[in-house]
Amino acid sequence: MAINKNSTGYTFGFAIVMVAVVGTALAFTAMSLKDKQAANAADKKMMDILGAIGVDATRANASELFAEYVTERIAIDLNGKELDRRSGALDVKDKEDPFGIDVQKDYRGSVKAAAKANKDDIAGLKSSLSDEELRFPLFRCTTPDQQDVFVVPVVGSGLWGPIWGYVALKSDMQTIYGAKFDHKTETPGLGAEIKEDMFTEKWPGKQLNAGGPVVFEVVKGGAPTSSYQVDGITGGTITSKGVGEMVNRTMSIYASYFKSQTQANAQR
Amino acid sequence: MSTESTPKESLFSKKNKKLLSDPLSDSNPITIQVLGICSALAITVQLQQAVIMSLSVLFVLIGGNVIVSLLRNLIPDRIRIIVQLVIVASLVIIVDQVLRAFQPDISEKLSVFVGLIITNCIIMGRLEAFALGNKPGPSFLDAIGNGMGYAWILLVVSIVREIFGSGAISLPGMGQVKFLPESWFISNGGFYENNNLMILPPMALVTVGIIIWIQRSRNKALIEEN
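Chains A and B, in that order, are what the protein sequence lines are.
This note's numbering numbers the first residue of the first sequence as 1 and each following residue consecutively.
This note's numbering numbers the first residue of the second sequence as 1 and each following residue consecutively.
One chain only, chain B, in its complex shape (with noise of 0.2 Å):
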């Protein structure tokens, strides 16, 4: 394995706090690589979802890419996708059956994104570009900077939606608190009224797009020619 790096290398050198600090902003899997933008659209119409579902992605990611990380010199290369997807999956099972277990509510409004996370192209994609070839240490950096990468992005997007569209900050553990006085609502007399477009899945797009924006108009390295 030539690319790996010497054993002397403390695990928070400087190429290694690269890997926690690229994918929060350069290299971030969502807005800069398009990555795992499904569950990003689907489960961000409330914080509390989001919030569970980021934990649930950090935490296949950082076992997956550990696990790959320590079998790498022992997995097959004829079978190592499917190696990885067992892990993955398994990795899955066990959140969906933890979260049905104590966290009911939030399982069921997850349904069916917390199997999909199997799919989600942000994880296999960090086990098979950087766990199969790096250290379980850097492996270990590198799944928490890309899952929180995602997180951040989900976390973003689910405040500004649910703000506006539900007027409302879902705190977990807290339940839903409503910020906006009753008396402010078209319904109670008032002036204000929820978007409801917010809500639906279109309005995530453009959130995740106005970001995707803001980013590259502050770093012109990530723009593109043509």
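With the rest of the complex left out, here is chain A (with noise of 0.2 Å):
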């Protein structure tokens, strides 16, 4: 053999050659799939905000009823001011769409280092946000039962990694109409169980504090004393937790759209 398999420069030429060979193949994998990944993103997407209603979808109708009920939606900007209204049909590779919006990317880019800093604190975490140019999306349904409900996505921490999930909420803008809540890496048993319709059935007619500060809270041990409170899951106490945490930050943030539409709603 003329080529020395234990010489450094073999064991070098071996991993650089390796390494391109495969980085183009997985370039080239993750590209061709994009996107159907994104399609499914999109679909997984409409079923949960219409989880937060309460319409079931499956993967193959989501996009169906996503166009039945959600009526409009709607961008505004930190400070409640809407940037953005739609309805009609919708482009999921839009990204100017306030569907488009992804506010996990957004958490994971600013929001989630100012809500550290600036713990129950909103002005201190809006200003800290001023200059990032943030939207905010929120998406405006009809529900089966023929009421107008907004529904708000939320995002924040829970004990091993992201949660999220959409958060629905009446006309008058403070009566919960229902939640639908999601994780990546929670505990099974435990924290994982936001996922489930035992944690979430809980949410319809809880209030959040209309005009003054939102104190949305999930307690731990024992029943919830007042309408601002949900039960809390036994052994999640991080996640639930991190819930309450989201919920409150976001329905903080979109307080003052929120108050501003129901202003406009009661001089009309």
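Be aware that a few hints might be false.
Said to hold, decoys possible - The calculated DSS-like cross-link candidates involving lysine-lysine, where the alpha carbons are at most 30 Å apart (straight line), are:
| id | chain 1 | residue 1 | chain 2 | residue 2 |
| --- | --- | --- | --- | --- |
| 1 | A | 95 | B | 109 |
| 2 | A | 95 | A | 112 |
| 3 | A | 45 | B | 178 |
| 4 | B | 109 | A | 44 |
| 5 | B | 109 | A | 184 |
| 6 | A | 36 | B | 109 |
| 7 | A | 34 | B | 178 |
| 8 | A | 184 | B | 15 |
| 9 | A | 36 | A | 119 |
| 10 | B | 178 | A | 202 |
| 11 | A | 93 | B | 109 |
| 12 | A | 112 | B | 109 |
| 13 | A | 44 | B | 178 |
| 14 | A | 202 | B | 135 |
| 15 | B | 135 | A | 195 |
| 16 | A | 241 | B | 109 |
| 17 | A | 5 | B | 135 |
| 18 | B | 109 | A | 45 |
| 19 | A | 195 | B | 109 |
| 20 | B | 109 | A | 105 |
The set of hints was computed from the structure by calculation and includes no laboratory data.
Relying on the hints, combine the two individually framed chains into one complex.
So this is what it looks like as structure tokens:
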């Protein structure tokens, strides 16, 4: 053999060629499957939004039901100013559409750090995010029982990783109509239960504090004592707290928009 | 390479058939070698997940074994473990991406366990112990044998767990088929209740243990002294 298999040069050469070949193969796979995966993610998002208003959708009929129940897609800015309002056919590839706003990416990018630095301080949170030009989506839906509700996406952190969900509010913008949560890596049987109906069925009818600061809470131990509280999951304390934190924080950001909407409705 | 068979040997010689059949029983990767237990415990709640997981492992094992066997004379000794890892990792990423595109719901349920195929001891074990020293043909058979050995344990465990835990069987493409009448359940005034313990990981371990027990009582040669 002319080549010494154990020489340093050969070892390096082999490693370099291998990495190049593997990298190309993986990049090619990822690129060719990207569209299909994005479509799946959009279907899942529709299913979750529909889940928050109590409509059970499957991947097959998600976009059909979404078009049926979701009437308007709205984007607001940090201070509650409306930026965009769309209705009609949805193009899931359109990143400008409020549906295309990636709240999880925004959360990872800047909101998470800001929320950590400004615990329970919404004014502080808003001022530290003021340079970010964030857009916040919300979805106006007509429920199967003909109510006008707003679905707000929420994102936060559980014990092991990201948690997220959709909370539907009645037209008074403070009573919860329904909720749907999901997680990436919470503990099965404990924190992971936020995904189950057992947890979310306690949400309808709960109140966000109108006008004043939002003080919604997921409580640990014992039954909730007021309509601003919902029962947490035993053994899933940190996940439960994470759910409370994300709902509270997100609703506080949307609060000024809700306020302006209810005032506009009252004048009408 | 002294361990290599002579070129004249046919692919389905007696020796090669043993490569296929041994891992199914007497050198089963899960019950005898006790490898790959982690995923076997975690994803055997439903038959459907177990089927997809088995297919994924089978694909990675076959791909890994054949590729490593083809490259066995080129791979530098000093970085062979890294090379094996890179090959396995790329195959796993391909499986993960394909699942995400075509089986999004199952991909979600399997979540991290697809990624963890990379660290599945069966795969690295076969690459290191077999593919590095054998030709692609036998390596291919060895991969199928071990993959199927892994698969049948997973399938049996998941069928047992799903029947007793959920009172149903989930077949790929058909969803969960509940075969017990609803009126049998206590919640509907009947006499039967699903055993929730079966859904939890400990019962997977117990089920695997029972298979090991049966296997050893049938073949005394497997029983260690002491």
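Do the hints match the structure? See the list:
no.: 1; hint: 95/A with 109/B; verdict: 28 Å, holds
no.: 2; hint: 95/A with 112/A; verdict: 22 Å, holds
no.: 3; hint: 45/A with 178/B; verdict: 28 Å, holds
no.: 4; hint: 109/B with 44/A; verdict: 14 Å, holds
no.: 5; hint: 109/B with 184/A; verdict: 10 Å, holds
no.: 6; hint: 36/A with 109/B; verdict: 18 Å, holds
no.: 7; hint: 34/A with 178/B; verdict: 35 Å, violated
no.: 8; hint: 184/A with 15/B; verdict: 46 Å, violated
no.: 9; hint: 36/A with 119/A; verdict: 39 Å, violated
no.: 10; hint: 178/B with 202/A; verdict: 28 Å, holds
no.: 11; hint: 93/A with 109/B; verdict: 26 Å, holds
no.: 12; hint: 112/A with 109/B; verdict: 26 Å, holds
no.: 13; hint: 44/A with 178/B; verdict: 25 Å, holds
no.: 14; hint: 202/A with 135/B; verdict: 61 Å, violated
no.: 15; hint: 135/B with 195/A; verdict: 49 Å, violated
no.: 16; hint: 241/A with 109/B; verdict: 24 Å, holds
no.: 17; hint: 5/A with 135/B; verdict: 19 Å, holds
no.: 18; hint: 109/B with 45/A; verdict: 16 Å, holds
no.: 19; hint: 195/A with 109/B; verdict: 12 Å, holds
no.: 20; hint: 109/B with 105/A; verdict: 22 Å, holds
Against the hints set out earlier in the document, violations occur for numbers 7, 8, 9, 14, 15.
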